[in-house]
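Engineer: The primary structure of each chain is shown beneath.
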Amino acid sequence: MRDFSYLRAGSVDAARQAAALPGAMLLAGGTTLIDLAKCGVAEPDTLVDITHLKGLDRIDVNERGATIGALAKMGHVADHADIKSRFPAISEALWQAASAQIRNMATIGGNLMQRTRCPYFRDPANFSACNKREPGSGCSAIGGVTRGHAVLGTSEACIAMYPGDLATALVAFDATVHLGERRLLVDDFFLLPGTTPDREHAIKPGEMITAIEIPSSAAARRSTYLKIRDRQSYEFAAASAAVGIEFEADGRTIRDLRVALGGVATKPWRARAVEDALKGKVLEPETIRAASLLAVEGAVDHGANHYKIELAPRVVARAILKLGETA
Amino acid sequence: MTVHNIRHGDASDGALAEAVGGRLSRVDGPAKITGAAKYAVEQQLEGLAYAVLVESTIASGKVRAIDTAQAEAAPGVLKVLTPDTIISLRTASDWFGTPPPDKPYCPLARDITFSGQHVAAVVAETFEQAVTAAALVKVSYDETPAIVDLSDGKAGDGIPIDAMTKEWGDAPAAFAAAPVRICAAYNTPREYQAPMEPHGLIARWEGDQLTVWEPSQWLDGMARTYAEWFEVPFENVRLVSPYIGGGFGSKALALSHGAVAASAAKMLGRPVKLVMTRPQTFTGYGGRAATRQTVTIGADHDGVIQSIVHRGVNETSIDGMWVEPLGSVTSIMYATPNFSSKQNVVRVNSVVPGAMRAPGENPSAFGIESAIDELAYEVGIDPLEIRLRNYAEQDPHAKKAWSTRQLREAFAAGAERFGWARRSPKPRSMRDGNQLIGWGVAAGTYPVRRAYGEAIVRILADGSVEVESSSIDMGQGTYTILAQTAAETVGVPADNVVVKLGDSRFPRAGVTGGSRLAGVMTGAVYKAATSALDQLVGLAISDPRSPFHALQANTLVVANGRIGSPRGDGPDVTIAELLKSVGRDCIEATGDTMPANSTAEDRYKNYTTIAMALPHTEGDYSRHSWCAHFIEVRVDEDFGTVRVSRVVSALDSGRLYNPKLAESQWKGGIIMGIGQALLEEGIMDRRHGRIVNNNLADYLVPTNADIPDIDVISVGIPDLHSSVLGGKGVGELAIVGVAPAIANAVFHATGKRVRDLPITLEKLI
Ligand SMILES: Cc1cc2nc3c(=O)[nH]c(=O)nc-3n(C[C@H](O)[C@H](O)[C@H](O)COP(=O)(O)OP(=O)(O)OC[C@H]3O[C@@H](n4cnc5c(N)ncnc54)[C@H](O)[C@@H]3O)c2cc1C
Ligand code: SF4
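Chains A and B supply the protein sequences, listed in that same order.
Its first residue numbered 1, the first sequence is counted upward by one per residue in the numbering used here.
Its first residue numbered 1001, the second sequence is counted upward by one per residue in the numbering used here.
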């Protein structure tokens, strides 16, 4: 039997120190980690359980923004009244993620750190080539089943899609990740695969996510998360869009716009080209649809995932238009 | 002596909840909800060891070598089984009982014919140790090119299955002469039963007696296979399967993993437990075979069919044979003077496919019920009207009268409840904002399969009634309807009936498959209970110690656990009091539905093979259940996502023994049909010949959010040609026709005809 040790961290510092040791991994809700251990992908020597750390599950919302502790449960954040009213896209991204059971277990920190659903990544017994798992071993997905793979941000080494919903919403609203004292924009926290797809985050050994912080904005207040998939619930996105909008006083001219895409890219994908094209424009369906096409500028498909290139701009356009209707 | 009278009213005969036809809730429900129900592999046995399978990672080739050294040295490992070290078994007969070739059988493969084939197994003291050691078994292969699926260039046309050919008239000529002609190809992918409870077992040997705790849809059939493998008498094998967490056809046969576990138990002299992982359930046994059909219909301008030419293909494995009868609905649904259906099977590197809810009828209906819809648009006739114009008044293939066919009633009742008359005929003509709305209709059918069953009914000293049978309950409600049957027949409250199932030591039963169990077993229990009641009343009348002795009555009435005279004069006692007065602590009677002159050999064959099942067209009648589905979909025009927003289905399953349970079965079938139409598909990596979505996060089945309220209407009438009490099949019927009804609704919504299931968003975008 593969023995590993289990350690219950007494403090954030203790957890960070323990997790810095080789072979150690933080354990939060376990809904990703235990799953990957069963697949043979994660093989920790030490599990550092952080679920008992005090104070890390707080959700504080004030005029400046929201600070959400790393151990807050997905379900709690989704249902939080102030999150719902001031950051609807965050709440919607969460309640449309996974299942009620998983949302009750899973934490915000663990959610950001969830791994790709690439089937080749998840099956080492059958597919030894995976650059993300085993740098330099190749990529089994390219030329194989690619329906769920990314069309944006891919490299020759890896085309795995980042599946999380929450981070997509966070990146739209310039949220930051707190790694103790160090802070990083969510956009900078996630890395493109490039030649090192095994490095997914700008987190260093001995660091731990302690919280995320989302600044308040008018765009965040009028925001939504639209998630499209074949199954109505409990499925990752075929394409999704986190969109926030702020109008000028006329209620029709776009002052500020935030657009991020999920389900189509190797990391949470901010679509600044769409934002820039539409700022200052009047909300008209034709204009919106045309500008939304910019969301997939530079997209590259691998056969079966081609539909994402057509789908993503339509999701963006619908989300923007939907927000316009409520103006 | 008639002491009571089974109600023969309409299908839902509105009886008391406890009687046959009543809406008694599942009697096994509380045990399942509270966790008291113990499933097969939950048995706690002394000395239990754990086996874990090692599977092939290639789809075609040979095992060159298996290096077990590391695994054997791992902590807790008791044995590593390979083709070289596992004990030799004999080949068992197939489910028809065909005598097997006289050669050894090895459940671990040297010759690899599919990815995920069992090549080795590790047995250890704990499950965790076995899992770890299994990963240390190193298998090397000589790989050869695989035929991955039906579209593989190497697959060829396959093997013609002559027994599937059905022809009358001159279909090609009539097609050529028809003024309206349509021709299209329809494909269904590999689909999986995905029961909640994975396959697994505990096997224990005591001398040459084998006990197997295993979820099973067929105790006696599986016991026969184990007995033949291990060359022990049939009576030496005991199968125990009190509850089953879903089967859908996949748990009817003893499979290779069972042979591995029972071999390990024999070799170690210890009980061994083996449970498949969820990914292994996608390759350890077969799901529904992928199918392709072409349907050509020649008709006149009024939509009256002149000819149907149908060609079908299904995949099977390299060395096994599975035929999914694709012409089964095609040949009976509509009247046509000219007909031709033929079928081939194609060998591919897959595990041998298996039975999955309505094998044959389900894909068959997707073909013909889509094609007739295409014809309806071609000739400009309402899709419901065209079905009525081509209504088959008798079985067009067997040329026999239907025993009962309430399909016209189903169309009428469904259309009325659905509001079909308000349908706007043109595609893309109904919408709600971005949602295109489509209404589709399709029919379904399933034959009435009949076989035999036995039961013991005991009336016990305390007045309670006990029923025993080796049939099973996988959630469909056997415990409940047999309690109702015994309660009503004997005349006691259903609460006072204890039904015991799922032990091959009990009186025998055939396979729980083909929707036959309820009809068979209610018949057997009815007969056994009638004879127990006769004994009881006989005793009461004739035993000198009975309070009724002086009455000199020729009959008595038993109701609600009490015995009295029909006119209400004279004594009135409980069954317990009567038994006490005559000094008996039990009355026991056996009942069966076998022909009167059956031999012991017949009996063995009846219950351990499917060779003796009665054809549904035996005698003067053709027997089938029927249904009509009316379905509304909403398709987002930008995203291509399809949501089913309304389902009205009217179904003819004959008399319903328990409408509440039948409705649940129907709804379950419809839900599974929605999954088949929109979500389910084994996705193949064609380079490796391997299904990659082998888990329930990636193999999508519907969630509650995908399912609207489902309205089911029973239009059946008792059909005494089909079963002793008048019921026809329930369990499989309702899935048949759902996928084409949805595809037809999608066409109505979007103007796009999707002929390849599932209808995923990229096909509509
Ligand atoms: C079937 C299924 C469906 C799902 N569907 C969706 C979906 O639709 N959308 C979606 O967004 N998500 C989905 N998920 C993913 C789910 O949201 C994540 O599994 C969950 O959020 C992980 O949180 P956790 O607390 O359980 O993390 P864990 O499993 O405990 O940890 C995950 C990883 O994060 C690390 N980690 C945990 N906490 C910290 C921390 N504070 N700092 C640094 N590292 C940390 C761990 O070491 C580990 O590597 C799904 C998951 C499953 C199993
Ligand atoms: S896409 Fe990335 S994760 Fe998937 S196999 Fe290729 S390298 Fe591995």
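Just to be clear, a hint being listed does not mean it is correct.
[To be verified] Below 27 Å or equal to it, Euclidean Cα-Cα: the simulated DSS-like pairs (lysine-lysine) are: (1) B:K1763 <-> B:K1038; (2) A:K38 <-> A:K281; (3) A:K84 <-> A:K38; (4) A:K38 <-> B:K1038; (5) A:K38 <-> B:K1138; (6) B:K1763 <-> A:K322; (7) B:K1342 <-> B:K1103.
[Said to hold, decoys possible] Take a look, some chain A residues computed to stay more than 12 Å from chain B by CB distance: (8) D3; (9) M25; (10) A78; (11) A317.
I should point out that these hints are in silico values taken from the structure, not numbers from a laboratory.
Just so you know, even glycine gets a beta-carbon here, dropped at the ideal spot from N, CA and C.
Engineer: Please write out, lowest number first, the hints stated earlier that are contradicted by the structure.
Structural biologist: 1, 2, 3, 7, 8, 11
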